[in-house]
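Student: Residue numbers (the numbering used here), protein chains in the order written: chain A, 3 to 406; chain B, 3 to 406.
One should not assume that every hint holds.
Note: identical chains are not told apart, hence a pair may lie in one copy or across any two.
[To be verified] Here are the simulated BS3-like pairs of lysine-lysine, each with C-alpha atoms no more than 25 angstroms apart in a straight line:
1) K283 <-> K222
2) K19 <-> K65
3) K55 <-> K387
4) K65 <-> K124
5) K89 <-> K333
6) K303 <-> K330
7) K359 <-> K193
8) K130 <-> K89
9) K55 <-> K89
10) K130 <-> K222
Source of the hints: derived by calculation from the structure; they are not laboratory data.
Number of protein chains: 2
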Amino acid sequence: MSLIVQKFGGTSVANAKLIFNVANIITRAYQEGNDVVVIVSAQGDMTDELIGKANEINLNASKREMDVLLSSGEQISIALLSMAIEKLGFPVVSLLGWQAGVMTSSTYGSAMITRIDPGRIKKELDKKNIVIVAGFQGLSQYYDVTTLGRGGSDTSAVGIAVALSADLCQIYTDVEGVYTADPRFVKDARKLDSISYDEMLELATLGAQVLNNRSVEIAKKHHVELEVLSSFVDVPGTIVKEVANMEKILISGVAKDSNVAKISIVGIPDTQGWAFRIFSKLSARDINVDTILQSAACNGKRDIFFTIREDRLDDALEALSKYCESIKGAKLTYDKDVSKVSIVGAGMQTHSGIAAKMFEALFAAHIDIQMIATSEIKVSVIVSKEDTDEAVRTVHNAFFATMD
Amino acid sequence: MSLIVQKFGGTSVANAKLIFNVANIITRAYQEGNDVVVIVSAQGDMTDELIGKANEINLNASKREMDVLLSSGEQISIALLSMAIEKLGFPVVSLLGWQAGVMTSSTYGSAMITRIDPGRIKKELDKKNIVIVAGFQGLSQYYDVTTLGRGGSDTSAVGIAVALSADLCQIYTDVEGVYTADPRFVKDARKLDSISYDEMLELATLGAQVLNNRSVEIAKKHHVELEVLSSFVDVPGTIVKEVANMEKILISGVAKDSNVAKISIVGIPDTQGWAFRIFSKLSARDINVDTILQSAACNGKRDIFFTIREDRLDDALEALSKYCESIKGAKLTYDKDVSKVSIVGAGMQTHSGIAAKMFEALFAAHIDIQMIATSEIKVSVIVSKEDTDEAVRTVHNAFFATMD
Chain A
3 MSLIVQKFGG TSVANAKLIF NVANIITRAY QEGNDVVVIV SAQGDMTDEL
53 IGKANEINLN ASKREMDVLL SSGEQISIAL LSMAIEKLGF PVVSLLGWQA
103 GVMTSSTYGS AMITRIDPGR IKKELDKKNI VIVAGFQGLS QYYDVTTLGR
153 GGSDTSAVGI AVALSADLCQ IYTDVEGVYT ADPRFVKDAR KLDSISYDEM
203 LELATLGAQV LNNRSVEIAK KHHVELEVLS SFVDVPGTIV KEVANMEKIL
253 ISGVAKDSNV AKISIVGIPD TQGWAFRIFS KLSARDINVD TILQSAACNG
303 KRDIFFTIRE DRLDDALEAL SKYCESIKGA KLTYDKDVSK VSIVGAGMQT
353 HSGIAAKMFE ALFAAHIDIQ MIATSEIKVS VIVSKEDTDE AVRTVHNAFF
403 ATMD
Chain B
3 MSLIVQKFGG TSVANAKLIF NVANIITRAY QEGNDVVVIV SAQGDMTDEL
53 IGKANEINLN ASKREMDVLL SSGEQISIAL LSMAIEKLGF PVVSLLGWQA
103 GVMTSSTYGS AMITRIDPGR IKKELDKKNI VIVAGFQGLS QYYDVTTLGR
153 GGSDTSAVGI AVALSADLCQ IYTDVEGVYT ADPRFVKDAR KLDSISYDEM
203 LELATLGAQV LNNRSVEIAK KHHVELEVLS SFVDVPGTIV KEVANMEKIL
253 ISGVAKDSNV AKISIVGIPD TQGWAFRIFS KLSARDINVD TILQSAACNG
303 KRDIFFTIRE DRLDDALEAL SKYCESIKGA KLTYDKDVSK VSIVGAGMQT
353 HSGIAAKMFE ALFAAHIDIQ MIATSEIKVS VIVSKEDTDE AVRTVHNAFF
403 ATMD
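Bound-form chain A, shown alone (with noise of 0.2 angstroms):
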């Protein structure tokens, strides 16, 4: 007998029809002799539903309230997964994060989980109970309900495996696994058996989001084996773990991501702390900076390129005009239309040779290469966004082609 932990998004249980869906694959692991603990997100639609009944009185209402609005979304999906588990015939429980100890920081809207109590789990788990937990909400030690954020029921899920020591935390989704690239346009994609950690949170990071990321980083931090697969289609998904099969496969991915846009500053004097200003100005407004290039001095001035989620674009060029109109002969432009192309895996580790094999591909595809970033287990590239799905296409054959 084993402890699962099983998360179902909103797609998951948008209607009554795939509520019973979900609640027969829940059943069926309980059938099969395991503890379940199951958490669940708001019904489709519903986040936004709720969102805009907030909109119609009050466009700047406080996270605080907003929190306590939105929790109300898995909360009835909790009890109508529940429903739908009793109709079956089984014993079940539902609680609110609260109540399944659930413990965050008092950031409203975007909370972090900061311990889990799993008393009541547990409790109920030793009554035969299947369990069903509303996601994506806690409580902060000021017993106010906050909610994690978007996304943030992966990451209540995997808190809560933790918390139980699960053999196993399934994250139940619209796709049947991790792809080597998006199968909606690479036709070739394959799905992978087993990814590690740290190639999945490249993955994520880099617009390919199955998991959130927080999620897989508690995971990996625990060792917690993490489980995507599709509540629609009844297949083995991709497992997440510390090491991968990576014997065959030296790239577990081409990712994409068309959130990108590049900031060039050129004409910077060639003083010291410059690059402290920009970047400062930038994080004092929460914008991540990614990939960077930047020019050799020349005549006594440097240029730099950097590039940052597209829709924080106009927060940015804010945060930096007044900045670069102080320094004479600066000059700040922008370039919404670019893309992120990845490849991601552990297996580039040992191999050498995996960039300058991409390069080439997309060179001979005659696709113009605007930036370059690496890292140990990921090389990405900035082109512009109409190259874009051809150059996924073109590097996933480069790699995935030849090793039938």
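Dock chain B against chain A, hints included.
Tutor: Structure of chain B alone, referenced to chain A:
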């Protein structure tokens, strides 16, 4: 400075515009220098909507999960109302039932308040916050969410008013106060300035349901002054207190109750214990017997007639049919075509002739009285359903037309 508890029902917060109307009432009381605690119900049809979602999944869902589901309704309305008050620029905080310290029995769906720990509410009032509390819900000793049953928000409001030793508990509703008769049917019906707890209790029992009965009982026991008033029309309402201004008014109101059925059992052998047997069978099913009429023994046989709530009739007949079949000669019949019309008034205690005046008026209007029941402050008659409205008008006229 006073401490005022205000309660708003679901129709008062049904949409964004109405929520702002309520927010204006609340902030006006706050601006006048009062501490304000507000109890609010789920929006308009929200409860029915949630029940619909549950019924789609499981018509026999456990009451525990039903309570988890339904309590999300008030959670949504406290958040939205708080956001509206924030928008108006006032300090506000919303509290769920368990945060407000409302402890209840574990009878899911119709829990009783066992105690209220107002610590958190007081702390928020000390911070000069307007406090918005979710009505209708509480927490059991097992840390499960419970609901107080329909109309329970009135009970929440009065309970919290008691716990806080509030100076006044205002129950905002869609009528302007307590009337001498239902103003929809009796055009001369007048709003009462005040009414005693006992009269209010009798009126509530008799189907003139302005206030939930348990809430009036709690208010009476703890001497909390209630005011019933409209959230739509800005006029003084009706004060409910220990002793109303009875100088001029003998009776406070005329009420009707159409949820009545009459059961007749004729030809019962006149032996000891038969009444006990009949009524114990009904009480075993939690069926309340109301007006009872029993004939004198005749030829060693008796007849008995009594009324119950019409919606319990099938249950009652099932409970009694076996017993009646077992008694030779006894015959069980019923009549759904009856209503109860009552006059209520503490003035009856000191004025004779009230009942006679009522019967005389009904006789003059050719309305047949089938049964009569009286208490210290109430006279009720059972009439046929088609005579009901005419009976109310006639009786109201007899007592109120001469009062100018």
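Student: Reference check for the pair K283 and K222, CA-CA at most 25 angstroms: within, between, both, or neither?
Tutor: Classified as neither: same-chain Cα gap 32 angstroms, cross-chain 64 angstroms, threshold 25 angstroms.
Student: What label fits K55 with K89 when the C-alpha limit is 25 angstroms: within, between, both, or neither?
Tutor: between (32 angstroms within a copy, 14 angstroms between copies)
Student: Give the relationship of K130 and K222 under a CA distance limit of 25 angstroms: within one copy only, between copies only, both, or neither.
Tutor: neither (29 angstroms within a copy, 45 angstroms between copies)
Student: Quick one: K130 to K89, C-alpha cut-off 25 angstroms, is that within a copy, between copies, both, or neither?
Tutor: within (17 angstroms within a copy, 47 angstroms between copies)
Student: What label fits K359 with K193 when the C-alpha limit is 25 angstroms: within, between, both, or neither?
Tutor: Cα proximity of K359 and K193: one copy only (22 angstroms, versus 88 angstroms across).
Student: First find the shortest C-alpha distance between K19 and K65 inside one copy, then the shortest across copies, and answer within, between, both or neither for a cut-off of 25 angstroms.
Tutor: This pair counts as between: shortest inter-copy Cα distance 22 angstroms, intra-copy 33 angstroms.
Student: Between the shortest in-copy and the shortest cross-copy C-alpha distance, which are at most 25 angstroms for K65 and K124: within, between, both, or neither?
Tutor: between (32 angstroms within a copy, 22 angstroms between copies)
Student: For the identical chains here, do K55 and K387 meet the 25 angstroms Cα criterion within one copy, between copies, both, or neither?
Tutor: Classified as neither: same-chain Cα gap 35 angstroms, cross-chain 44 angstroms, threshold 25 angstroms.
Student: State whether the alpha carbon distance between K89 and K333 is at most 25 angstroms within one copy, between copies, both, or neither.
Tutor: neither (66 angstroms within a copy, 41 angstroms between copies)
Student: Which holds for K303 with K330 at a C-alpha limit of 25 angstroms: within a copy, between copies, both or neither?
Tutor: Classified as within; 11 angstroms inside a copy, 115 angstroms across copies.
Checked against the numbered hints above, the structure breaks hints 1, 3, 5, 10 and satisfies the rest.
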